[in-house]
Amino acid sequence: MRATGIGSFPGTEQRDQDEALAMVLGELGGDEQGLPFLPEVPGRGAHATMVGRTLGLVGELDADLQPSGWRLTGTSGSLPLDQRRGRSLLSQDLDGLEERASGRTGGFKVQVAGPWTLAATVERPRGDKVLADHGARRELAQALAVAVADHVADVRRRLPAATELVLQVDEPALPAVLGGGVPTASGFGRHRTVHPPEASDALRWVLEGSRDAGAVPWVHCCAADVPFDLLRGAGARGVLVDLSLLDADGHDAAAEALEAGDTVALGVVPSEEGGPAGDAALVERVQRWIDMLGVDLDRVSGSLLVSPACGLAGASPAWARRAIELSRSVARSLTG
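The number in my numbering is simply the position in the sequence shown, starting from 1, with 2 added.
Rather than coming from a laboratory, the hints here were simulated on the basis of the structure.
All values derive from a computational prediction rather than experimental measurement.
Zero decoy hints are in this set.
Here are the simulated distance ranges between beta carbons:
id : residue 1 : residue 2 : range
1  : T186      : P162      : 40 to 48 Å
2  : R159      : Q16       : 18 to 26 Å
3  : E100      : G61       : 17 to 25 Å
Backbone N, C-alpha and C define an ideal beta-carbon position, used for all residues, glycine too.
Please model the complete structure; the sequences and the hints are all you need to start from.
Here it is, written out as structure tokens:
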């Protein structure tokens with residue numbers, strides 16, 4: 003059994019990013035029980051958020067930053083300044099990673115925002131979300147598929163000794179997209195439901211892009227109603243979830259994924275201080291879950307990870323470190 007994190011960390015400056023990376027590599031990069039990852043420090047500004055970093059990768063569409071958030075410009079040519087800043091900041095983070103970890107073997111994980119979370123967040127040139135326009139959301143997903151393939155190739159070049167590269171596609175908005183729960187610009191209505199076949203197609207393009215470039219595609223969805231079947235049908239070989247949010251169907255779907263040999267990362271460590279935070283209590287929680295599913299822990303432990311429930315951007319620096327330490331400790335205890 004391994005331990006990992008979701009991605010985000012607290013902080014507001016570049017040194018916070020550097021310290022987070024050093025901590026992740028120190029806690030999770032020492033042996034095969036850890037899956038280290040590239041931290042994100044969104045407190046550095048809009049260009050450092052999940053959406054800003056991902057749009058920086060998407061060279062086929064232009065986007066700029068408005069008071070309401072990120073917006074596609076509908077123009078082509080050189081990337082707008084805000085998009086270039088997002089790309090530059092991510093490149094700077096990758097430079098730091100390469101400097102510290104280029105010779106490391108084992109696995110490594112990087113994260114991008116998924117096509118449906120982008121569609122539910124980014125605006126069209128004339129207003130409202132990309133989600134409102136079938137053609138625009140298709141174009142965005144296809145551009146993202148190209149971008150993640152290039153991103154994976156870049157990370158592989160920087161980490162040539164890594165034996166496994168995981169691309170985590172963050173889709174916190176996907177359940178709302180499928181359920182017609184994303185608000186319109188006015189706030190008085192909701193965008194129409196996106197039906198599963200279309201949702202699956204867009205995800206498949208992105209996941210296949212990462213897989214063809216040499217990464218193992220996972221999807222993170224720390225929300226209720228995680229659509230396990232849709233994610234796995236689209237090509238996700240791993241799903242990261244908040245265990246406290248899973249309903250009965252979610253538990254069953256997680257068991258099916260494990261039985262099939264796919265990865266499940268259990269978010270059991272609180273993302274902020276509070277709740278059960280001792281090693282023994284968290285180990286017992288995972289063991290109870292395994293017993294409830296009726297699966298053999300020894301048989302599925304290679305496909306099971308322990309992580310914080312969600313990102314750590316809202317935590318204190320001390321708790322962010324403690325959450326990663328606890329994830330590693332719980333995984334070690336369950337493996338032993």
